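> Put chain H with the ligands on the given structure of chain V with help from the hints.
Okay, here's what each chain looks like letter by letter:
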Amino acid sequence: MDSSFDSSGIARPLAPVRPLPEAAARQAQAVPLRVRKSRWPARLDLLQSASGLFLALFLVGHMFFVSSILISKDAFYAVARFFEGAYFLAEPRPWLVSGVVGLVLTVFVAHAWLAMRKFPANFRQYKVFAEHKAQLRHGDTGLWWIQLWTGFALFFLGTVHLYGMLTQPELIGPYESADRIWTGNMWPLYLLLLFAVEVHGSIGLYRLALKWGWLEGRDPAATRRRLRVAKTAFSVFFLGLGLASLLAYVQLGIAHADKAGERYVPQRAAAVKLGELEFAVSRRPGG
Amino acid sequence: MNAASSGPRALTLRILRSSPTEGIAPHWQDFHVEEAEGMTLFIALNEVRETLDPALQFDFVCRAGICGSCGMLINGKPGLACRSLTRDLGALITLAPLPVFELIGDLSVNTGKWMRGTAERLETWIHSSQEVDLTAVETPMEPELAEAIYELDRCIECGCCVAGCGTLRMREEFVGAIGLNKIARFRLDPRDERSDDDFYQLIGDDTGVFGCMSLLACHDVCPKGLPLQTQIAFLRRKMAASGA
Ligand code: HEM
Ligand code: SF4
Ligand code: SF4
Ligand code: FES
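Sequence lines, in order, name chains V and H.
Note that the working numbering has the first sequence beginning at 1, numbered continuously upward.
Note that the working numbering has the second sequence beginning at 288, numbered continuously upward.
Extracted from the complex, chain V is given alone in its bound form (with noise of 0.2 angstroms):
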């Protein structure tokens, strides 16, 4: 009575592509087999949208962070020193910058190693997507195919990028960062990774809300149409605000050029009010 048929299609990973009818009629007539399916495709697909949530939402963070620059030299500064632990440790630790960086790296490619099972497989696949696509001219369907090209952008981007962060944690700071901005020359990889990421980012989250149907009140096609007005601002937002940051440190890094390399000393050296705290931001990382 209870169904007991093993996994269609799946089990013969390497058939070749046949009508469904034949195949699926085989699977009728085969002898039950007691097998029971295996539970990672449940856990493969949870963890491919925890891993992308988690991402979007360090996203969400690192642009606000980042975007101190817009505020001033020192308040970056800050910023920086507060992720080494200046606030709370005898004296900042770059190495705890590390420690995010390779939390987050891990999370990146476990993401994209689980991403990877959606892309087109093989050239068939990709022709048949791309026609589909072509003829189809529908939103959602446009929109996944700019997911999986940001998604390919993102392999190569954001690994230059996090290794970058991974292994000189101490050069984080505002001549720190402008100088390797500009002075090395990271600035076109940076406005590409921001508009991948910021694209992929705002899609990835609008595609989890419908995927496992969060906020889908009363009226789902309602709240759809929300979340895509929704997914641009986040779009729109975040590119703005991560293009006047990288504005700001392409004009510092110019001003900077000729002292490329010089660390950055903060304005008052004393120390700065942050909240109700009292916070030595002075000390410099390795004295």
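In short, the hints are calculated from the structure, not lab data.
All values reported here derive from a predicted model rather than from experimental measurement.
For every residue, glycine included, the Cβ atom is placed at its ideal position computed from N, Cα and C.
Please note: incorrect hints may appear among the correct ones.
[What the hints assert, rightly or not] For each label pair, taking beta carbons as the anchor points, the in silico distance ranges come out as:
(1) V/MET116 x H/GLY363: 28 to 34 angstroms
(2) V/ARG36 x H/GLU434: 33 to 39 angstroms
(3) V/LEU53 x H/THR422: 51 to 57 angstroms
(4) V/ILE71 x H/GLY377: 50 to 56 angstroms
(5) H/GLY363 x V/ALA121: 20 to 26 angstroms
What follows is chain H with the ligands alone, placed relative to chain V:
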């Protein structure tokens, strides 16, 4: 507004012709018909067959959006020909057979064979250990529940969602929205004794619910307006809980 004064439109039906049995390769052929008041593609195609080419193949039964036989690609989008008014379309209308399904010829495809395969694969019938007493009065069901089941039972197996799904186009072993909708329907039915674990056996992998990439074309093209988006999300939550 002055359509009447400018006379009826001359429509061009650009049809993808082919006949696998006669070895005729797919090619486009144009047919010209004059638009009439309230004309559907069903009417236009019949006119073509009656006056221009009696060999043109296409399927119709009910011409009222009930039987599900007239699904085709209308300007690239899956839809029912009998429910498509020509006045909502441009003067040039391209018609092609639904992909995925076995091609019979011209616009005619064998959706039945595919649907049957899916039904067998997903066991879309009531699984009950009770002996059915055909003479007894059926156990009553709450009207709300009957209503909810009926809502999902409105699927006419036209195949539009199948043809609209990019995931299924890429990976033909994917069950598609229609299959997932049917599981959702039997899951609701109190007469079906299967548990979520049993359903997980059927759709708990990447050819089932976890393969869906939430492109939602299925939902957007379904001519019966089935709530495919919410049903798939619901099943995904249930199957993830069952599998995790
Ligand atoms: C190497 C880098 C990356 C690749 C190759 C990649 C690829 C993909 C692909 C192809 C999807 C669609 C999966 C599907 O349709 O089911 C996806 C989903 C998603 N991505 Fe990425 N991505 C990458 C990095 C990122 C980053 C940095 C973020 C954070 C902003 C992110 C956030 C998301 C989210 C939230 C989803 C939706 C998750 C889901 O559908 O379950 N991804 N990614
Ligand atoms: S779910 Fe909708 S589109 Fe799909 S077969 Fe049923 S009626 Fe047609
Ligand atoms: S949501 Fe997309 S991937 Fe899922 S069944 Fe519908 S069209 Fe296919
Ligand atoms: S002819 Fe029956 S649905 Fe179109």
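> If a hint holds in the structure, say so; if it does not, say that too.
Quick rundown of the hints versus the structure:
no.: 1; hint: V/MET116 x H/GLY363: 28 to 34 angstroms; verdict: holds, 29 angstroms
no.: 2; hint: V/ARG36 x H/GLU434: 33 to 39 angstroms; verdict: holds, 35 angstroms
no.: 3; hint: V/LEU53 x H/THR422: 51 to 57 angstroms; verdict: holds, 56 angstroms
no.: 4; hint: V/ILE71 x H/GLY377: 50 to 56 angstroms; verdict: holds, 54 angstroms
no.: 5; hint: H/GLY363 x V/ALA121: 20 to 26 angstroms; verdict: holds, 25 angstroms
In terms of the numbered hints stated before, the structure departs from none.
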